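Quick note, the sequences are listed as chains S and B, same order.
Quick note on this note's numbering: the first sequence kicks off at 1 and runs consecutively.
Quick note on this note's numbering: the second sequence kicks off at 1001 and runs consecutively.
The reader is advised that the hints may include incorrect statements.
To be verified - Facing chain S, from chain B, some residues (calculated, C-beta under 10 Å):
1. D1208
2. T1257
3. I1322
To be verified - Output of the computed footprint for chain S on chain B, the stretches with three or more beta carbons under 8 Å from beta carbons of chain S:
4. 1248-1256
5. 1278-1286
FYI, nobody ran anything at the bench for these hints, they're computed from the structure.
None of the values given here were measured: they were computed from a predicted structure.
Yeah, the Cβ is synthetic: ideal placement off N, Cα and C, and Gly gets one too.
Here is what each chain is made of, one letter per residue.
2 protein chains.
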Amino acid sequence: MIGSARAYSNIAFIKYWGNRDDTLRLALNGSISMNLAGLETITTVEFSSDLEQDQLSINGSDQSEGALARVSAHLDHFRRRAAIDLRASVRSTNNFPAGTGVASSASAFAALAVAADSALELHMSEKELSMYARLGSGSACRSIPAGFVEWYAGPDDASSFAESLAPPEHWNLVDLVAIVSREHKAVGSTGGHKVAPTSPLQGARVADAQRRIDWCREALLRRDFNALAEVIELDALMMHAVMMTSKPTLLYWTPATLGLIEAVRQWREKDGLPVAFTIDAGPNVHVITEASFAEEIAEGLRALPTVQEVLSGRPGGAATAIDTHLRAS
Amino acid sequence: MIGSARAYSNIAFIKYWGNRDDTLRLALNGSISMNLAGLETITTVEFSSDLEQDQLSINGSDQSEGALARVSAHLDHFRRRAAIDLRASVRSTNNFPAGTGVASSASAFAALAVAADSALELHMSEKELSMYARLGSGSACRSIPAGFVEWYAGPDDASSFAESLAPPEHWNLVDLVAIVSREHKAVGSTGGHKVAPTSPLQGARVADAQRRIDWCREALLRRDFNALAEVIELDALMMHAVMMTSKPTLLYWTPATLGLIEAVRQWREKDGLPVAFTIDAGPNVHVITEASFAEEIAEGLRALPTVQEVLSGRPGGAATAIDTHLRAS
């Protein structure tokens, strides 16, 4: 009873921030993202009667407490579905550095879901895998389908899942992640979602979300970079507006973040380059561009003294089961 | 027919952003401010049959076009009220540098209103002067009454004026204006107010305004610095949230602005100092503290490499007519 899977991280163009149900991770608003080939998690799950408790290693390092408890709780959903009570050993590796603002929970829980499904031979549909991945980490549901993905914010468990809008080859976008800080966040996403309702602006952000989703989906399907740039920057700024007006206030930006926003806007507005920013719950800036401009933009980013490193992700495929012999050690 | 007046600039603790009527400058939400003694405008108005058109000098430099037209339009209100048709010469001096993010329009139009009232011997009430000042620049209505001031966002001309909540001696606060840029704003306040409705967050900001006004008024009257700090930072962040999500987007912050926000929060949260920030339509940061800490905080600000200069304002009195022999030249 062993299975392995690979899943890609994803970058949200329309952000998920705030739940109608924190336990089921039912998002208040729909979201849209692009899977990031090149930024991946490979996970192997082995259920065994020899184990007395679940075990978890991440990048070769044994985990306990918080991380292990969250994975155990996620495996419980699969054990219930399969009607088994076996403990499991989970080995997971990310090919991107930790604490860089690239959400490892999305790729991790997507890979875990597919690996567990494979190990238990549940043959879940993509929709079911997306629902199950969501229970581990909301944004993980978007790492299940391929390419450009929409997560429908349905009101209950069965209606809150993600589907592909277009395959990876639809549009050769690149996400250049400009790393300006490796510090761990003071408040992580799970905690952040819980304080979202304390912002006087969250209601307006959610009420306006369907307009932004429609705008973003249209821009993606028509490959209209300017429209995409406008909506993803607006959406990111609206999420950070909510964050910084929450109680406690969550101000993830640093001076370097502002400098990158200025640089990206200057490249687009003065130099006419197809480039836009989005920012997750951290100070690092995701710089979205088209593949033919990626090298030039990456050079420009590396030339900024505040940028420590630039990671790169192309549109990625679906989370998939892989041969366990290829698994992470 | 000559009159002179002095008026102080003011710093808003609860911000004015967006009008229900742009011509009458009827604010969508009420606001609260502190007059800034030390940052003042002195203006002399002389109506004369010898003049063929209005004349305006600011800091000794003759003005034409935009600035002159705005002053002429303001004088028209006084000419209508006095039933005269004389042109006027207006000489105005500010004792603070231009383009530093200290709003000169507030003190300028408050001083102009009081000087015109004096020249024409209209003997307007404080309430009327506040209404008339508002027609020139919204925030000018708050520079008419003394000390700590509330501008009621009434629905029409007669109900949109400011009154004193407490005299200057009520609380020895200091506004340390940390100047990080002297560049002129790409979009000034008058233009900014007009784009405020394009932000999907403006409605929520306005809908929540009365709560913040009540909170701020209470904090001021009880001299509760922590409550004041919390509400003025929230309110400033909510205004900038609206600005940065407007179309066109107005992102007034620079990396230096973010650095100052971080410094102020660290001084308050880690070092326990009574200090809070607020930010107007520009990159400079107003650092509010109590007088006994002002020297220490000002030193801390000057030690930051991004801070070019620190201006200082104590609670100021009402706009008042002054002897014309003391007038600006």
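Each hint tested on the structure:
The interface hint given for B/D1208 is met, as the beta carbon of that residue sits about 4 Å from the closest beta carbon of chain S, less than 10 Å. The beta carbon of B/T1257 is positioned within 10 Å of a beta carbon in chain S (closest approach about 7 Å), and the interface hint is therefore held. Contact between B/I1322 and chain S, as hinted, is not supported at the beta carbon level, the nearest pair being about 42 Å apart and thus beyond 10 Å. Closer than 8 Å: that is the beta-carbon criterion, and the stretch 1248-1256 of chain B has 6 residues meeting it against chain S, so the requirement of 3 holds.
With 0 residues carrying a beta carbon less than 8 Å from a beta carbon of chain S, the stretch 1278-1286 of chain B misses the three-residue requirement, and the given coverage is violated.
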